[in-house]
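A.B. asks: Chains L and H supply the protein sequences, listed in that same order. Per this note's numbering, the first sequence starts with residue 1, numbered consecutively. Per this note's numbering, the second sequence starts with residue 686, numbered consecutively.
Derived from the structure by calculation, the hints contain no laboratory data. Check each hint, because a few of them may be wrong.
What the hints assert, rightly or not - Derived DSBU-like pairs: lysine-lysine, alpha-carbon spacing no greater than 30 Å straight-line:
no., chain 1, residue 1, chain 2, residue 2
1, H, Lys923, L, Lys67
2, H, Lys1221, L, Lys526
3, L, Lys238, H, Lys1342
4, L, Lys597, L, Lys645
5, H, Lys838, L, Lys604
6, L, Lys92, H, Lys906
7, L, Lys526, H, Lys1294
8, L, Lys526, H, Lys1345
9, L, Lys657, H, Lys906
10, L, Lys238, H, Lys752
11, H, Lys752, L, Lys221
12, H, Lys1360, L, Lys660
13, L, Lys188, H, Lys873
14, H, Lys1326, L, Lys526
15, L, Lys639, L, Lys657
16, L, Lys641, L, Lys683
17, H, Lys1368, H, Lys1289
18, H, Lys1344, L, Lys153
19, L, Lys609, H, Lys838
20, L, Lys67, H, Lys873
21, L, Lys287, H, Lys1344
22, L, Lys604, H, Lys1211
23, L, Lys526, H, Lys1211
24, L, Lys67, H, Lys906
25, L, Lys188, H, Lys752
26, L, Lys659, H, Lys873
27, H, Lys1326, H, Lys1221
28, L, Lys238, L, Lys153
29, L, Lys153, H, Lys1282
30, L, Lys221, H, Lys777
31, L, Lys238, H, Lys1221
32, H, Lys989, L, Lys153
33, L, Lys188, H, Lys1345
34, L, Lys645, L, Lys526
35, L, Lys238, H, Lys1360
Stated by the list, open to error - Some, not all, of what chain L presents toward chain H, calculated at C-beta under 8 Å:
no., residue
36, Leu82
37, Asp87
38, Arg167
39, Arg283
40, Arg391
By construction, the Cβ of each residue, glycine as well, lies at the ideal position given by its N, Cα and C atoms.
Protein chains: 2
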Amino acid sequence: MKKNISKFIVFCAFLVMQNLPILASTTTALNLMPAPREIMVINSAGFRLDDGFSTALEGHADARLSKAVTRMLRRLSGRTGLFFPQDYITAKSNPETPQMIIRASRTGDLLVGEDESYQLTITENQITLEAGTDIGALRGMETFLQLLSVDEKGYYFPAIVINDAPRFPWRGLLIDVSRHFMPVEVIKRNLDGMAAVKMNVLHWHLTDDQGFRVECQSWPKLHEMGSDGFYYTREQIKEIIAYAADRGIRIMPEFDVPAHATSWLVAYPELGSTPGPYSPERRWGIKDPTMDPTKEFTYEFLDKFFAEMAALFPDEYFHIGGDENNGSHWNANKQIQQFMQDNNIPDNHALQAHFNKRILQILTKYNKKMIGWDEIFQPTLPTDIIIHSWRGTESLVKSAQQGYMGILSNGYYIDLIQPAEYHYLNDPIPANTTMSEDEQNRILGGEATSWGELVTPETVDSRIWPRTAAIAERLWSSQSCNDVEDMYRRLEVISLRLEELGLTHIKNYDMMLRRLSNNQIITPLKTFVDVVEPVKKYERHHQGITYTSYSPYTRVVDAARPESMTARRFNQLADQFIESPTPAAAQELTDLLEIWKNNHASLKPIIAKSPILQEIETMSADLQELAVTGLVAVRAYRKHKNLSKKQIESARALLEKAKKPRGQVELMVVDSIEKLVQAAMNKNK
Amino acid sequence: MKKNISKFIVFCAFLVMQNLPILASTTTALNLMPAPREIMVINSAGFRLDDGFSTALEGHADARLSKAVTRMLRRLSGRTGLFFPQDYITAKSNPETPQMIIRASRTGDLLVGEDESYQLTITENQITLEAGTDIGALRGMETFLQLLSVDEKGYYFPAIVINDAPRFPWRGLLIDVSRHFMPVEVIKRNLDGMAAVKMNVLHWHLTDDQGFRVECQSWPKLHEMGSDGFYYTREQIKEIIAYAADRGIRIMPEFDVPAHATSWLVAYPELGSTPGPYSPERRWGIKDPTMDPTKEFTYEFLDKFFAEMAALFPDEYFHIGGDENNGSHWNANKQIQQFMQDNNIPDNHALQAHFNKRILQILTKYNKKMIGWDEIFQPTLPTDIIIHSWRGTESLVKSAQQGYMGILSNGYYIDLIQPAEYHYLNDPIPANTTMSEDEQNRILGGEATSWGELVTPETVDSRIWPRTAAIAERLWSSQSCNDVEDMYRRLEVISLRLEELGLTHIKNYDMMLRRLSNNQIITPLKTFVDVVEPVKKYERHHQGITYTSYSPYTRVVDAARPESMTARRFNQLADQFIESPTPAAAQELTDLLEIWKNNHASLKPIIAKSPILQEIETMSADLQELAVTGLVAVRAYRKHKNLSKKQIESARALLEKAKKPRGQVELMVVDSIEKLVQAAMNKNK
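Could you put the whole structure together from the sequences, leaning on the hints where they help?
C.D. replies: See the structure below:
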């Protein structure tokens, strides 16, 4: 069958294929993310999808696979409106002449390094998905769904062979549910999103100063007093673990000790390094309350605690946090100081090491392996622990060289509100690494971290998606797959596709704008918010507002996207125009600038009727002025006209003013306007 | 304090107040729904809201009230962006000088007829909410939140005294979770929506032919085999009951017997009237499988079943369905026929009455009262049962006259896709009733019914909201409160407010259009879908498509709103224009027509890239032609020009063509275009 067709084997498929004109028509339709390891595009007709589409399960067809195929059919049906004949898929329901065959050799285990590879073959008459495990088949189905294409004849899948497997075995997302509790459905829809981009670990940050989020039978005051009533019941935890397992995703719990522990101490002050009582923490930041590592009670407590949790959470790894212990309560406690002296413990770091060893014993007793943040690292630990690096690749390399496994989160802190590009180019193993192969193999992957101080169930999806899809690609796809423009092109498509799973990252934007505009027309507000971004890093905490767990997270800064695609587009257009000031480039710039020039007049009356918007009023006025200045600069640059001294001075003053954040957002087009002004000035010198 | 202010007592506030010019400036801002019984607008400054806002609980401050006040503060904070000082509210946390005092005399019971009245008093310096029960206070807080207003100085609440209480004690929403399972969060957000419009009963239709949705310990095969894995665990049911109770809402379960029972019989065929086996039902309609009312096993089974469910569901009423038993399996069963002969049971209706009496005994044993659809009515039943009328007011009146209580659903079938106006004007006790006061008192209220055949978790909110808010008003507010235009004015505001509770009726619209347009720009598609509605009543089942539980519900017909507000507006404009063809009226019409005239050109290329849209392509073309025709008619009517014979003929042909549904939607502007053409023809005769 294949003999008359031409073949291409392409690595890091998109970039390379786009450079091959012969394939251009085929490849423009490919919107795969993460990019598969190997794609062979077959130069023949693809598979036409119609309402007769049917699937069959061969090989080892377990319940997980059956359910996953059923979900796949429903998603395909939902997108296409086609009424397929099959309902709930099982191996027993195989039709005689299936159009798609899914074959898995065995049930995959939810263990680090499990086989997730698959091969997907699509021809005109048949689709075959083969995998070593059902988990691999799940990954392949996501690729299959991303391949759905359209031409003048209708829906089809391109003729293709894909051989795929992940680069890293650990591709995680941390969700902090302590700072703001995230209901079950938030976790579920994010698990669906993770599965869609082939991520395989949910790192569930379940406890912190602000909340203890797990029902605990052995120490019930933990959830009763430490959660304000917002916690997962044991049944809900089992439900989520099962939901994740159905999608081939491990759930790794984190119980952060000995610091970040206020919520524990509210319930059981006898665990603490000061007598207490402790009150629920409602503010953010590094706090003092810390467990007392010198009392036997602490370990008895934690032994009983971890015994219960080890039975509840099946994953082989337990994350113990271990970060940001400021030591102040230890320093102030005489018994602790005495203990350190008696036991030759020189400093707090060593005391924490002592604590960690005891925790390790407990975890080992319950057949769990330990993972913790950089701070837990010390060369006497056994080498099956994992170091989770928030500090950076340097510390990761250091521990790998000493024989320890590691995962990277530095560079994947999505709560810092940085662009997808930044995360995308952050490689756990940089190309110029000097590590040996063995050392490299100890780098297991990484995790995006959705810390929860500034997000609520309403906004959290928009902080996670779509940027986390770029991180998912970094961790799944080859190192050489790093074309930023092509990543953004695909990210836009994938972002829209993620909506089908219930994620709210797009739809809650308009909803928040509707509320912000107090039931008025949102168009002018959207035009404005489309070109701002929240202030970066943790700047929001340093601008005169004290945020707490009960603050409103419904302002413009919360609605604004972490990355403005409109601003990105404008900035590209400006660069292109300066490089080559064609009439077409000028026109595109001018169109955008004209919209902004006129927007403030429309937004102002809306702000007047919605006081929550007052904080951005001057910035909206600045956008208008910037647009006027931009238009002048574009015209001057094109026509080689001089800017007057007065124009230059007022442009400088404006740019200075417009750079200042207001309402904790930044206007993302200021730099480009500045470039345009600069270009006009330079050209006419 | 009040001595210098003028007062008005107004019943059915909005209508009357709008007619009082002196109050116009105050009342235009009032967007209360349901309308309170009595409003006294105080002619003085209102209460200014700022970030010092604080509340105190007085009287009987139970946990439900504390949680409700906390939620109220968070919603207010979310809308206004104000950072309030209080976090979790309890009577212990009362500030010294609270700005709002909430006082409830006792904890309300979740019983039919419980006191839900409240009095809300807002002055410049103080807000007081007083109620006989905490449930009344909850109702008052929803009114309070609806009163939030804005002027040039910021947020405020108008100075006002409201005395409010419901007209009917039973204001329900039925959600069918059998035909399509609705996850926990769907139920929760709809409970929030119900609470926002003061509804107080969720009628949970938990079992039907297509699915048995409750975990059952006594007969576990019910959920194991009858649900395809989609059921509520006992823990989830408790969670939802508690969630509803926190909002002053009763949860009444329905277990539909003896028909609508396929899912029971799949699990336990021995209950059935034929030997079985039975397979899961995936199609819609009235089905044959029916329990055998002549076997003792049936009652033993149901006794054990209801014993468990009576303990799980605390409500005093249990709904037993009892509808649409077609009797075919009874007719075909010789033993059943013999039993009827032996016991002098003349027909199937009498046999079902026999069955119902046995069920009543069981329910009574477990301290539950029975409610069922019209079919269960027979004059030998005790008078504490309730008849639930899907047939109409006539049957309701009949049973009330015989001493039975009743609730109405006929006229509130929101799955029939009728306009809000239709439901709004459907009164459980019509103004011209001949019933005595006693008889009238037996009419407890009504229920909107969200039957689940054609809705999914993605679309269900848009079928319930906002139209159900109009039904809520009918059941809460006075009979004389029936100004349709004012209802629509307020409905639009309330609909947007409902989003703050997580309801997806607005935001999923664009999301579905994005998927339908296959990631293209949605504006032209939205312009089109904005003026269509799904075909009415149950027409969707009679147009050549066989729907099942696994069909796609993602097409244009599913995205389309049950009631097109754009079409409604256009139709009003057309009427006004015909009445009085001013240039302004002509301009508004022309503006809309111009948009439609040009829309098809934009939509066509989108359809070409999204085959799911092909089914509406000719209708989009028709809209263009209609717009052209409408423009001609408007011009002719205004300028007294004649339409040519050819123009008239082609308009007639077009109107004929455009009336035909395609893709199971109807164009809602055809009649108005026809009116315009007719007007132009008549005028120039």
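A.B. asks: Does each hint fit the structure? Answer for all of them.
C.D. replies: Verification of the hints:
no. : hint                    : result
1   : H:Lys923 <-> L:Lys67    : 27 Å, holds
2   : H:Lys1221 <-> L:Lys526  : 35 Å, violated
3   : L:Lys238 <-> H:Lys1342  : 56 Å, violated
4   : L:Lys597 <-> L:Lys645   : 22 Å, holds
5   : H:Lys838 <-> L:Lys604   : 15 Å, holds
6   : L:Lys92 <-> H:Lys906    : 20 Å, holds
7   : L:Lys526 <-> H:Lys1294  : 27 Å, holds
8   : L:Lys526 <-> H:Lys1345  : 37 Å, violated
9   : L:Lys657 <-> H:Lys906   : 69 Å, violated
10  : L:Lys238 <-> H:Lys752   : 27 Å, holds
11  : H:Lys752 <-> L:Lys221   : 20 Å, holds
12  : H:Lys1360 <-> L:Lys660  : 57 Å, violated
13  : L:Lys188 <-> H:Lys873   : 16 Å, holds
14  : H:Lys1326 <-> L:Lys526  : 44 Å, violated
15  : L:Lys639 <-> L:Lys657   : 28 Å, holds
16  : L:Lys641 <-> L:Lys683   : 9 Å, holds
17  : H:Lys1368 <-> H:Lys1289 : 36 Å, violated
18  : H:Lys1344 <-> L:Lys153  : 28 Å, holds
19  : L:Lys609 <-> H:Lys838   : 10 Å, holds
20  : L:Lys67 <-> H:Lys873    : 26 Å, holds
21  : L:Lys287 <-> H:Lys1344  : 68 Å, violated
22  : L:Lys604 <-> H:Lys1211  : 27 Å, holds
23  : L:Lys526 <-> H:Lys1211  : 17 Å, holds
24  : L:Lys67 <-> H:Lys906    : 20 Å, holds
25  : L:Lys188 <-> H:Lys752   : 26 Å, holds
26  : L:Lys659 <-> H:Lys873   : 43 Å, violated
27  : H:Lys1326 <-> H:Lys1221 : 37 Å, violated
28  : L:Lys238 <-> L:Lys153   : 46 Å, violated
29  : L:Lys153 <-> H:Lys1282  : 27 Å, holds
30  : L:Lys221 <-> H:Lys777   : 20 Å, holds
31  : L:Lys238 <-> H:Lys1221  : 43 Å, violated
32  : H:Lys989 <-> L:Lys153   : 58 Å, violated
33  : L:Lys188 <-> H:Lys1345  : 42 Å, violated
34  : L:Lys645 <-> L:Lys526   : 35 Å, violated
35  : L:Lys238 <-> H:Lys1360  : 61 Å, violated
36  : Leu82                   : 7 Å, holds
37  : Asp87                   : 5 Å, holds
38  : Arg167                  : 28 Å, violated
39  : Arg283                  : 11 Å, violated
40  : Arg391                  : 33 Å, violated
When each numbered hint is compared with the structure, violations occur for hints 2, 3, 8, 9, 12, 14, 17, 21, 26, 27, 28, 31, 32, 33, 34, 35, 38, 39, 40.
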